[in-house]
Amino acid sequence: MEELAVSARARRGDFTLDVEFRVDADRTLVVLGPNGSGKSTLVDALVGLLPLEAGRVVYAGDCLEDPSEGLRVPPQRRPLGVMFQGSWLFPHLDVLDNVAFGPRARGLGRREARNRALAILDQLGLGDLARRRPKRLSGGEAQRVALARALATEPRVLLLDEPLSALDAETRSATRSFLQRQLAGFPGVRIAITHDPAEAAVLGERWLVLENGRITQQGTPGEVLRRPRSAYAAALAGVNLLRATPVRGPSGLRLVCGATSLGAPAVDLTEGIEHFVAFGAEALELRTRPDPADPGGWISGSVAEISVEGEFSSVTLSGDVPARARLRTAEIARSGFRAGESAFAKIDLNQAEAYPVVA
Amino acid sequence: MRVLVTAAAALGAVLLIVPLLGLVAESPWSELPELWADGVAPRALGLSILVSVAAVTLSLGIGAPLAWLLARNRFRGRGLLRSLVTLPMVLPPVVAGVALLAALGPTGPLGRALAGLGVELPFTTAAAVLAASFVSAPLLITALEGGLNQLDRRYEQVAAALGASRAQTLLRVVLPLLRPALLGGRARCWARALGEFGATIAFAGNLRGVTQTAPLAIYELLQTRPDQAFLLGALLLAGAFGIFVAARPR
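Residue numbers (my numbering), protein chains in the order written: chain A, 454 to 812; chain B, 41 to 290.
Next comes chain B alone, as it looks inside the complex:
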């Protein structure tokens, strides 16, 4: 029994780790200057960082109030609302992109309204941010709602009894106590946004310098210069690993 468990665990570790090591080993590191000089990779990486950071910021802005609403209020349809706002997390990403296109595209209900204001979203950097937020915000909402449910309201009552206003209580008690949930949720949200592919390509397209983030660039390079695709992939892997290490709970 013990031998079986150990063997299965070893197989699991091999399956999970070997592709990563393979990518690093197979990448033609000597071609790095060439890849960089070409301009495609640095632009894609830069855009990836910009889009993912913007997506995390947007997710925090809309996700924190939603998490608060879901954790701290009892109302009809709360369960339904929770299911709906976390659904994009489990949706196939390309379906998420198509859904965004249907709502915000030129013929969609929101798209027409925006067009009336002179705003066209699809195939812009903003669309890439929206696509990444759409699929990654639920991760943040889930983490924050979990954190809020774990947080005993007595702490807030104690703060109020000591004279703290609601804003002071939020800033000096609630947010610090939510820190682990906030950091964990943010890291997962960021990683998901950084890796976004399907929703982005469907809603924002694959335009160099505008919506072509690193995963999209890798996909394109794979068809022309697989060696450079490996290299860019390895760079993205290093980035994701960096996030992971920086955001791990201490």
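Chain A with its partners taken away, still in its complex shape:
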């Protein structure tokens, strides 16, 4: 079974990374996390630059690291190809020798290594750059060459750390589709690390959400975006996320968040178990005072922030139910919403997803 199985605990300063996951060959795992979530620590641990405190890393049955057995394969003997964040091409070597560096280090003669490098550069459509020095490459070209260099050692596991973050918007989309094509053609295990959900959506079919050194969620992009399990994942999906518990009262099942009732859930939920409730900004109705025609069930709070975004604007509510609503900009002025003043909200639970916190 050509899979990479990682169970890793590693420490850097007072930061601890503690993760467990598996990736099959010919699959792309996208590790998605905010700054400081431990993405670079994970890269360094997988590459073998940061020793594990505990855990085990196994590729295709071969153990790469297991501190309990005192086993640690050094970076130069791991079957990994890495594209570090910010291409890190060797400035004193031209493109060809940068790409030939890995094959040479792994024992090929100068000529064979260069031939292999040239073949890979041609395959990636970079043959014209062979004699250029890295400082004469554009950002997008440098990233492509860095990928060629990582591929030149014929790795079984390809690791891309923020492959697009150093690029400007224009180069980024071209480089993104280039990467997408190359990843699809790489037969081994693929791991792409990013903080950008747009990039994550293009690069891979399985997401792993990393926060504060721990995995908060794994699943397909659809699963993560539809049913986020952390404030970060909810922000990626652009939805509101609350925790509420179904409670049976005189008028039937109600979702209760803190001391506030959100209303009756759209589907039957298990009583007494805490649920996540995810809903888009459109599902939140906001008024300056409760609707006289429908006076029941309004949640009171205060306006924390109004952010004008063209025709529509978002209004963030603070209080028992912190959430964001989307209103017509003209409507905000007409109704008289002001930051710091009170407001009343109602969630359309028919448009919300509710799922147990403990999966």
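Since the hints were made in silico from the structure, they are not lab data.
Hints may contain errors.
[What the hints assert, rightly or not] Pairs of lysine to any residue, SDA-like flavour, derived with a Cα cap of 25 Å:
#1 LYS588(A) <-> LEU571(A)
#2 LYS588(A) <-> GLN197(B)
#3 LYS588(A) <-> GLN190(B)
#4 LYS799(A) <-> GLU738(A)
[To be verified] Part of the chain B face toward chain A, derived, beta carbon under 10 Å:
#5 ASP192
#6 ARG194
#7 TYR195
#8 GLN197
#9 ALA201
#10 LEU202
#11 ALA204
#12 SER205
#13 GLN208
#14 ARG219
Just so we're clear, the structure is a prediction, and the values are computed from it rather than from any experiment.
Ideal Cβ placement from N, Cα and C applies to all residues, glycine included.
Put chain B on the given structure of chain A with help from the hints.
Just chain B now, with coordinates in the frame of chain A:
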């Protein structure tokens, strides 16, 4: 304000350049064959080159590991060690020579141990090399340590991830990236060794053909044949200028 700055800069340039031009202009170039035939000057110049090249080589051999230790390791007393090994650079050279004599002379602790092995250093060519290394190696160490601190370790990690062993990484990544620091440090080290006077005369003496390098020969000629001292000085100046041009960063 601008006039003042320009005037001060002009004065500075005059002060720094005029003595050099004066030396070249005042040197009795027609006496060059005579100076050369005498044998003192060519021997002194030859010895200067030998001693300075040997000093740079020795400085590299001991200085590179020290620079590595200082730049890449955190240990107690690192700051103290750095201060001590770079101290000879700022010491009055003659004090450096006296210190060498105290340690390696016949009564010194290291000197006695060496004498036990039948080795006597003072007043030999080796002593001249040691004196020149003692005062010039710190320049190389400082330059290399600076270069290593500037070098991002990510390059070494990338090399390791690509399959390079530590030795390959050193030879194919670290040393090439350190090249500017290495060349600059080497040039300064060499220039300092070539100009060495005080430490050499105190520790190695002024023996013709053995320890009398060009600066020592100039000093001696100054008392008997000042015109020839000028000439030899001009030749040394040309040599230093040559080093400077050859080693300038490109």
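Run the structure past the numbered hints and jot down the numbers of the failing ones, going up.
-> No hint contradicted; all consistent.
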